[in-house]
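There are 4 protein chains.
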Amino acid sequence: MSEAKAKIGVLGASGYTGGELVRLLLRHPRAEIKALTAERHAGAPYAKVFPQFAGIALPELVKLEQLDAGAVDLVFCALPHGTTQVVIKGLAEKAPTLKFVDLSADFRLADPALYEKWYGHPHQAVELQAEAVYGLCEIYRDKIRKARLVASPGCFTTTSILAIVPLIEAGAIDPDQVIIDSKTGMTGAGRAEKHNMLFSEVSEGLHAYGVGHHRHMSEFDQEFSLAAKRPVVATFTAHLAPMNRGIYATHYVRTLGGAGAEQLHRVLADFYRSEPFVQMLPLGEVPQSRHVRGSNNLQLGVVADRVPGKVIVLATTDNLVKGASGQAIQNMNLMFGFPETEGLTQLALFP
Amino acid sequence: MSEAKAKIGVLGASGYTGGELVRLLLRHPRAEIKALTAERHAGAPYAKVFPQFAGIALPELVKLEQLDAGAVDLVFCALPHGTTQVVIKGLAEKAPTLKFVDLSADFRLADPALYEKWYGHPHQAVELQAEAVYGLCEIYRDKIRKARLVASPGCFTTTSILAIVPLIEAGAIDPDQVIIDSKTGMTGAGRAEKHNMLFSEVSEGLHAYGVGHHRHMSEFDQEFSLAAKRPVVATFTAHLAPMNRGIYATHYVRTLGGAGAEQLHRVLADFYRSEPFVQMLPLGEVPQSRHVRGSNNLQLGVVADRVPGKVIVLATTDNLVKGASGQAIQNMNLMFGFPETEGLTQLALFP
Amino acid sequence: MSEAKAKIGVLGASGYTGGELVRLLLRHPRAEIKALTAERHAGAPYAKVFPQFAGIALPELVKLEQLDAGAVDLVFCALPHGTTQVVIKGLAEKAPTLKFVDLSADFRLADPALYEKWYGHPHQAVELQAEAVYGLCEIYRDKIRKARLVASPGCFTTTSILAIVPLIEAGAIDPDQVIIDSKTGMTGAGRAEKHNMLFSEVSEGLHAYGVGHHRHMSEFDQEFSLAAKRPVVATFTAHLAPMNRGIYATHYVRTLGGAGAEQLHRVLADFYRSEPFVQMLPLGEVPQSRHVRGSNNLQLGVVADRVPGKVIVLATTDNLVKGASGQAIQNMNLMFGFPETEGLTQLALFP
Amino acid sequence: MSEAKAKIGVLGASGYTGGELVRLLLRHPRAEIKALTAERHAGAPYAKVFPQFAGIALPELVKLEQLDAGAVDLVFCALPHGTTQVVIKGLAEKAPTLKFVDLSADFRLADPALYEKWYGHPHQAVELQAEAVYGLCEIYRDKIRKARLVASPGCFTTTSILAIVPLIEAGAIDPDQVIIDSKTGMTGAGRAEKHNMLFSEVSEGLHAYGVGHHRHMSEFDQEFSLAAKRPVVATFTAHLAPMNRGIYATHYVRTLGGAGAEQLHRVLADFYRSEPFVQMLPLGEVPQSRHVRGSNNLQLGVVADRVPGKVIVLATTDNLVKGASGQAIQNMNLMFGFPETEGLTQLALFP
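Residue numbers (my numbering), protein chains in the order written: chain C, 1 to 351; chain X, 1 to 351; chain D, 1 to 351; chain P, 1 to 351.
None of these hints come from the bench; they were simulated from the model. Hints are not guaranteed to be accurate.
Since the list gives no way to pick out one identical chain from another, each pair is judged satisfied if it fits inside one copy or across any two copies.
[To be verified] When the alpha-carbon atoms are kept at most 16 Å apart in a straight line, the in silico EDC-like pairs for lysine to aspartate or glutamate are as follows: (1) K89 to E127; (2) K310 to D176; (3) K5 to E65; (4) K48 to E285.
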């Protein structure tokens, strides 16, 4: 793509990841928002659903069916899982050169049988599934560059896969002994009117959810198994914390071959040495989720446990940025051959 | 003790656990607050440090040295660790029948060598240490009844020892494979002017602290080893969550002898069947910290992991009540032969 | 009523004011909960809608139509306005001796024309309206004692009427120049699934709502006019603050007859001298909403403005207790001849 | 200044306004940070005091006395008031062409007598005071362009002066009848270790402070009097709300000459028509503080009260951006002849 701006559509623009895509795209020097869809709010100006954009010129919200697929170069799909695969299939038929960055879970599992097992229905676009690339830029950069359809991973998986996969690949930890205790801010649960997301239901308290059986486990399985070159399963527990943004994942791992925390730290530091969005803290230092808020950064810490052979790996991202919309744009940059950090250099907003 | 009210002193009454002791004691039918100490605020009315008590008759704050040890039957020590042992030693010499409930860590470790190792200096009251009883009522009830000095355990330890010890004792889990991922509200860090406890430093975010080397580990070691009848060490990570109150502990355990989540649930349900302050949730249900806020309750949940042989045990308390001042009063009730729930029947304040 | 316990029904028990009624009634020595209604949750145990009550014996939730009106002495109506008047009318016909404490707005306006103007439809129980008593105990205590139907006022009105009416009655302030700037916690908006009450929509920010035209203005008009003995209107703005509980009202008033802040302070101090639930702070001191949280208290402060003749009156309550369920029980106590503080002596939970 | 970058020093870089200056300057295309001072943290890397900047090249923190005044073109002073005037005086003597944007209150009051009255000591740099320009860009743009020393106003004053001054100047409201009820987030209170700013002291509650006698009143007096061309005093009350960022000011005004809300809306809309950082909401719409978070925007709403002649004007900014560091950079842009929005185009971070 030349210096011309990429023409972008955001499907499902009224949710939090949609709003975050718009925030980032509006300041992206190589992108231009051409279409915004939201079924319930079609016909409304965008500032009606996100008043922070008052006074900014943006397309009016339209229904998905009103989208002119030929008028855009790439669409971000911030739609519910299950329906996304049908939508993308339809658009890909209409506009074969159209690129897709899907923020839903629909194309993340390479194995359609696994998809059916975890999501309870057969995949509706198996042929597209076959070409979809798992959009973890730091791991699949080269494949993403050539992809038409990227399945951009979510917040829990991005944060923990980036923390753990290099360690498994290096043979530094036992892939069968990984425990992920993850805490997320409330935006991770979306913007739908759910009783259990009301302010007074979730403020001033903390709780686990989806314990023992959370759909994102399937992505951990897939990626950890690929890294280990054999099937492995991890233990994962998600918790909801009273804050808007942030994933904070505490990983309990067991080293192999006599490795200690120093070795694990070195493996990760080497892996991420040239990565613009990953900050490796010095050995023994602990990250805080608030220090990545609003940025596309991942901060990583490694601390030795007093139990020999056990190490604690701490990882934090902003679930709406590196865990969703920022990473989606990072994928877009790769797909268009833009510099990977284009439009993603915002610093964290702390406090 | 007859129907007369017990005369109580609260040492260190200007901190959060001090304020919580006063809140509970003021409505305790068998207790009367006779003295409140606070070094920096000596001479001030109590409502100056805790304005919620405006209009309530309470003794003025005095310095510790002004305390008339003969005028009280029992003192609660909500003082910093290290100094508490010296204070209690002095008072015990002056008033040999005086009873003590210590909320600091000073008398919790039965082994003085262990104390010295974790706290960095020799214990100053080794003879009192020898008679001190670890004040976990559900486990040491009989000893507490006869004790003169009770070391009331803190929030992390109360919550997780009550969740784990019955399982170790029953031989249901591997005591060498216990991982405790605990999250606490901010009051757990006390009321001192610390930079890292300012609102804007800790709101809207989450982080681990004391990773790999937290003093409360020594109590886990002590109690888990007693239960296992051999030395065991656990992995423990504390996190600070943006809420005032609440401990939420997620325990990853490995079953023994082919046990599953059902068996673990049954062990805990049996153990706590008659306990007034422990609520066992049905198998598979997950507690929330906000549902115990302000109460002396512990809510416990047991969920099977999809990894066979692994189970997740969830436990939550209010760190200032069951994790501090409520449990301290529960200990007092036992020491005086009062009904154990006296003064502790407040229901949780949710939302 | 003899020493027997009053038999109580709570209609609309699944909302926050319902839950708060249950919390308080369970520890009320003279009340027994006999029925709990909630349309959508009928058939469920109460701990399903409020898990903090796990393990406590309570009637199962039933539909309103299943209520046996003859089996209860008093019902609290925590139902939506508009429908409440029809429900109470029906129950009063079935059970003429049944007493009612209505927490909705349905019977608060004595003038049916005014009701119709503000609520947009004719009142459906005009004859009951005529006998209803406005349940502000500190002002209408004698009438409440004899009432069958008490319209218990809400949080904004309770807080500000108690702050302002004694000043108008004493002729100390200009009733035409009262400005009420009030801030409420989120529970004031109820427990319904509303988009604009999701955690991420309302945390970390503040905004006004219902500006210029809020229904509670009609109650200010009614009570301020009664106090002034002529029609007056006040300016009132409500704001939503990111906290669960609390009303914090800042009143800007203009003194009459050369009065200053001292005189206003004295008027209020005299008026509330013997009131158990009102704490008058010393002149110049400022209350905080957190210091009444969970209690039935009102804290009042009076501060001189530097502009002569202007005074700032600050008032705070817990919107769910003195602003709703606590006051409703205070009304019940009066109606049954119980001590007015019975069941309402819980101290504030701070922090 | 040519296309070369301006060389910038940030004095007092370890506080919240210092951190916010760094956040914005790092992405400013025409500015380069050459020096960062912080007395207590001198010698530390900047990421030690603000870990969100981990991995970013920045000068080490130095003491003020180590600053090379000749090496910078402009300094931002984020220092405590009182000491700032002495610091600036000293630097101006050493480096006469150095420009200053002062974020403290030291140079905001044009009248030294007024300064002495409100701050309790004589001004130490009266001659500099004489040349200082009040840095409210939307009002004093032309003077700022030529200034060497700009006194950048703070959050309360920026927000309310921008809301009220155009209305006074237009003769649309009675300048003697302005009431400002303002609510601020916690960062407005700074980053010092104060007991009353601990998380648990201020979360989950709200309170007024500085009632009747707040230093910022002096700036309201100065600017409102200038607009009215005669001395006027306003009533102002500040409140602390449990959120990190945001000023939300509710203004109660009385119209003149029969004007209504429409006229006031028109006055403000006309005044701000071409202003890039001010968004005028449609008549009757109400802003929310969260929708300007992280941005340099001011959102303004005008709503009619039901009391004739009374209007409510609502204004909100981010106290750290438009209320501090963003405005300071806006001033710098004017002083250097840069485009006024340079480096300030970040969109609000919501949620």
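task = Check K48 against E285 for me: Cα-Cα at most 16 Å, and say if that holds within a copy, between copies, both or neither.
result = Between copies, since 11 Å is at most 16 Å while 43 Å is not.
key: K89 and E127: within-copy, between-copy, both or neither at 16 Å Cα   = Result: close within a single copy only, 9 Å intra versus 64 Å inter.
inquiry  = My question is about K310 and D176: at a cut-off of 16 Å on alpha-carbon distance, are they close within one copy, between copies, both, or neither?
reply    = Close inside one copy (13 Å) and across copies (12 Å); limit 16 Å.
request  = Can you give me the call for K5 and E65, within, between, both or neither, at a CA distance of at most 16 Å?
outcome  = For K5 and E65, neither the intra-copy (24 Å) nor the inter-copy (49 Å) Cα distance is at most 16 Å.
When the structure is compared with the earlier hints, a violation turns up for hint 3 alone.
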